[in-house]
Amino acid sequence: MKDTDDSRIVELLQRPETRRAGFEQLVRQYSEQLYWQVRRFVLNHDDASDVLQNVFLKAWNRMDSFQGDSSVFTWITRIAINESLDYVRKQKLRAQNTDADLSLARQLQADPWFDGDEAQALLQRAVASLPDVQRTVFELRYHDEMKYSEMSKLLHASEGSLKASYHLAVKKIYKFFKSHD
Amino acid sequence: MKEEKYIIEKAGRANPFRVPDGYFDTLAAQVMARVDREGVPAGSLCVSPAGRPAKVRALRPVYYAAASVCALLLSAAVYLHFASGPAAPGAAQAVAAAQAPDDGFDEAADYVMLDNQDIYACLSSDY
Chain H
-6 MKDTDDSRIV ELLQRPETRR AGFEQLVRQY SEQLYWQVRR FVLNHDDASD
44 VLQNVFLKAW NRMDSFQGDS SVFTWITRIA INESLDYVRK QKLRAQNTDA
94 DLSLARQLQA DPWFDGDEAQ ALLQRAVASL PDVQRTVFEL RYHDEMKYSE
144 MSKLLHASEG SLKASYHLAV KKIYKFFKSH D
Chain S
26 MKEEKYIIEK AGRANPFRVP DGYFDTLAAQ VMARVDREGV PAGSLCVSPA
76 GRPAKVRALR PVYYAAASVC ALLLSAAVYL HFASGPAAPG AAQAVAAAQA
126 PDDGFDEAAD YVMLDNQDIY ACLSSDY
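Listed in order, the protein sequences are those of chains H and S. For the first sequence, position 25 matches number 18 in our numbering, and the numbering has no gaps at all. In our numbering, each number is its position in the second sequence, counted from 1, plus 25.
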């Protein structure tokens, strides 16, 4: 079903007269899924909403970069992950002189759109402290339960290196939990 | 992996985040409004057809390299064709000319092996 939807969307995107309609279909089809992927990186709802809009705008402006060698969803997910990581990096640069973990703990506590318990907040803090690659692999594997074969196509990395990243990420998160026990 | 089991037992996999009511209902309209405002015109984009074989994309650098080499060989052939004099040789002769030993090249090769004193000596002589 997804493949048929993707082919239909690509057909519409190819012709200037149907491009907008095709793009709107793409937005309706994938926006919720992409939102949650972005949200897990940027944490705050308003920021996630901004980043997601930037993702779609970038996807529209760079439609030429879609070469048809992956699905439309894979292509736009790559844009979403890159935009999310860029946003997180900029946030870290702005908060250079502050304790990032403490700041995040306070942020989650104060966030009306975060319903998690203490353990879930601790998990978010642990994940936020990971390097970009480990964080991305962990989010995709732990929350989305993505297969390594799919992840390999998405991130252009070998399955072996992805498994190693996940393994390292889990070890670090475990250590983080133990240190806060 | 015992560490993964520990994390799952402690924090689970449930989504701890919420969104305002109706957020997803208006999201597509908001995105399209922004695309209409800030996006490039639809007609200026060129979208590839889906399903282009990955092999074709993977070979693209090879095609570029091959095209560059061909362009270089063609330039060399054209240069040699005009540099060889008024009589325009046929295609076979042009190829033969390009392949023939070039005494000038040997001189140049010898030249670059000269040290400064030798070079000065050559320049000051009656060549």
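Fair warning: there could be bad hints in the mix.
Take a look, some chain H residues computed to stay more than 12 Å from chain S by CB distance [to be verified]:
| # | residue |
| --- | --- |
| 1 | L19 |
| 2 | Q22 |
| 3 | Q46 |
| 4 | R71 |
| 5 | D79 |
| 6 | Y80 |
| 7 | A93 |
| 8 | S96 |
| 9 | R99 |
| 10 | D108 |
| 11 | D110 |
| 12 | L116 |
| 13 | V120 |
| 14 | K140 |
| 15 | S151 |
| 16 | G153 |
The calculated lysine to any residue pairs, modelled on SDA-like cross-linking and capped at a C-alpha distance of 20 Å, are [what the hints assert, rightly or not]:
| # | chain 1 | residue 1 | chain 2 | residue 2 |
| --- | --- | --- | --- | --- |
| 17 | H | K171 | S | Q55 |
| 18 | H | K51 | S | K27 |
| 19 | H | K156 | S | E29 |
| 20 | H | K165 | S | E34 |
| 21 | H | K83 | H | S142 |
| 22 | S | K30 | H | L161 |
| 23 | S | K30 | H | E132 |
| 24 | H | K164 | S | K27 |
| 25 | H | K164 | S | Q55 |
| 26 | H | K164 | S | E34 |
| 27 | S | K35 | H | S24 |
The hints are simulated quantities; they were obtained by calculation from the structure and are not laboratory data. The beta carbon of each residue, even a glycine, is placed where N, CA and C say it ideally should be.
| query | Within a Cα-Cα threshold of 20 Å, do K30 of chain S and E132 of chain H meet the stated pairing? | reply | 16 Å, holds
| request: Test the statement that Y80 of chain H is away from the interface with chain S: the closest C-beta pair must be farther apart than 12 Å. | output: Since the minimum Cβ distance to chain S is about 16 Å, Y80 of chain H lies beyond 12 Å and the statement holds.
| message | If we take the beta carbon of R71 of chain H, is the closest beta carbon in chain S still more than 12 Å away? | response | 15 Å, holds
| request: Evaluate the condition: distance from the CB of R99 of chain H to the nearest CB of chain S exceeds 12 Å. | output: 16 Å, holds
| request: Grab the minimum beta-carbon distance between G153 of chain H and chain S and tell me whether it stays above 12 Å. | output: Consistent with the label, G153 of chain H stays out of reach of chain S, its closest Cβ about 16 Å off (over 12 Å).
| request: Hey, is Q46 of chain H genuinely clear of chain S, shortest beta carbon separation above 12 Å? | output: 5 Å, violated
| said: Please check whether the beta-carbon of D110 of chain H is more than 12 Å away from every beta-carbon in chain S. | reply: Non-interface label fails for D110 of chain H: nearest chain S Cβ at 8 Å, not farther than 12 Å.
| said: With the threshold set at 20 Å, check whether the alpha-carbon distance from K165 of chain H to E34 of chain S stays at or below it. | reply: 16 Å, holds
| message | If we take the beta carbon of K140 of chain H, is the closest beta carbon in chain S still more than 12 Å away? | response | 16 Å, holds
| Holds or violated: are the alpha carbons of K83 of chain H and S142 of chain H at most 20 Å from each other? | 30 Å, violated
| Once the closest CB in chain S is found, is it more than 12 Å from L19 of chain H? | 10 Å, violated
| request: Would you check the hint for K156 of chain H and E29 of chain S, treating anything up to 20 Å between C-alpha atoms as holding? | output: 13 Å, holds
Checked against the numbered hints listed earlier, the structure breaks hints 1, 2, 3, 10, 11, 12, 13, 17, 18, 21, 25 and 27; every other hint is satisfied.
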